[in-house]
Amino acid sequence: MQHLPEMSEIKLLGSAASPFVNRVQFVLNLKSMDYEFIDENLTCKSELLLTSNPLLKKVPVLLHANKAPICESLIIIEYLDEIQPNIHKILPTDPSDRAYNRFWAHYIDYKFTPMYLELRRAQGKDVKEAVKHKIIKGSQLLEEAFVKFSKGEGYFGGRDIGYLDVVLGCFLGLTNIIEKDNEFKVFDEVRTPKLAEWEKRIWLHEAIKGDIPGEETLMNLMLLKCKSS
30 MQHLPEMSEI
40 KLLGSAASPF
50 VNRVQFVLNL
60 KSMDYEFIDE
70 NLTCKSELLL
80 TSNPLLKKVP
90 VLLHANKAPI
100 CESLIIIEYL
110 DEIQPNIHKI
120 LPTDPSDRAY
130 NRFWAHYIDY
140 KFTPMYLELR
150 RAQGKDVKEA
160 VKHKIIKGSQ
170 LLEEAFVKFS
180 KGEGYFGGRD
190 IGYLDVVLGC
200 FLGLTNIIEK
210 DNEFKVFDEV
220 RTPKLAEWEK
230 RIWLHEAIKG
240 DIPGEETLMN
250 LMLLKCKSS
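Residue 30 is where the sequence shown starts when you use the numbering used here, and the numbers rise one by one after that.
Because the hints were derived from the structure by calculation, they are not lab data. Don't take every hint at face value.
To be verified - Quick list of in silico lysine-lysine cross-link-like pairs, DSBU-like style, CA-CA up to 30 Å:
{"id": "1", "residue 1": "Lys238", "residue 2": "Lys140"}
{"id": "2", "residue 1": "Lys87", "residue 2": "Lys223"}
{"id": "3", "residue 1": "Lys238", "residue 2": "Lys223"}
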């Protein structure tokens with residue numbers, strides 16, 4: 030990884046199973062930024078995590094030199110984009126385009142991917158089918174957004190990975206588990222052909238494939254979430 034002296038002393042508090050931590054890792058990789066990863070045990074949180082994020086007590090947290098800790102994955106990746114704008118900029122420069130990107134990021138985090146956990150908790154065939162139908166409808170909305178943002182290229186960001194590619198791409202490991210457990214495709218080649226092709230590209234991208242956690246790691250995270258809610 031390229032060494033950038035001005036970006037030294039970056040530490041990331043996180044868990045390898047967390048998609049929100051993974052998205053920060055993706056951006057650090059895309060920007061070739063050196064960092065130290067501090068693995069947190071989320072069942073027994075460290076004093077460093079509790080003092081760095083006393084309000085929410087969760088990962089990820091970015092520590093950069095002597096600055097105040099930065100929390101929340103979307104805030105962190107925008108911060109990284111601002112301090113290192115000349116290497117793989119992930120947010121578009123146009124204010125309107127940035128606003129639309131942030132809108133869809135909010136949809137992914139607070140509307141779409143929470144349905145994965147809803148499906149995992151659902152009891153009974155009819156209830157599960159209803160949640161699957163909602164996920165399919167959501168994926169079709171994301172397909173429409175992809176067509177708009179990609180402008181005929183391979184990523185939400187156009188020719189290469191951008192903000193929404195990182196935001197949605199970090200959930201691909203969980204997407205695979207949901208698909209396998211429930212025998213359906215979230216991004217289907219018939220309903221969402223553009224996203225089906227996009228998914229293949231993301232899995233192969235050098236900056237991302239090494240930090241998408243394996244199935245066992247993600248299953249442990251899903252079990253922890255189910256028990257804690």
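Verification of the hints:
Taking the CA atoms of Lys238 and Lys140, the gap is near 25 Å; set against the 30 Å cutoff, the hint holds. Between Lys87 and Lys223, the direct Cα distance comes to roughly 34 Å. Violation of the 30 Å bound is thereby established for this hinted pair. Of the supplied pair hints, the one linking Lys238 and Lys223 holds, its CA atoms being roughly 20 Å apart against a limit of 30 Å.
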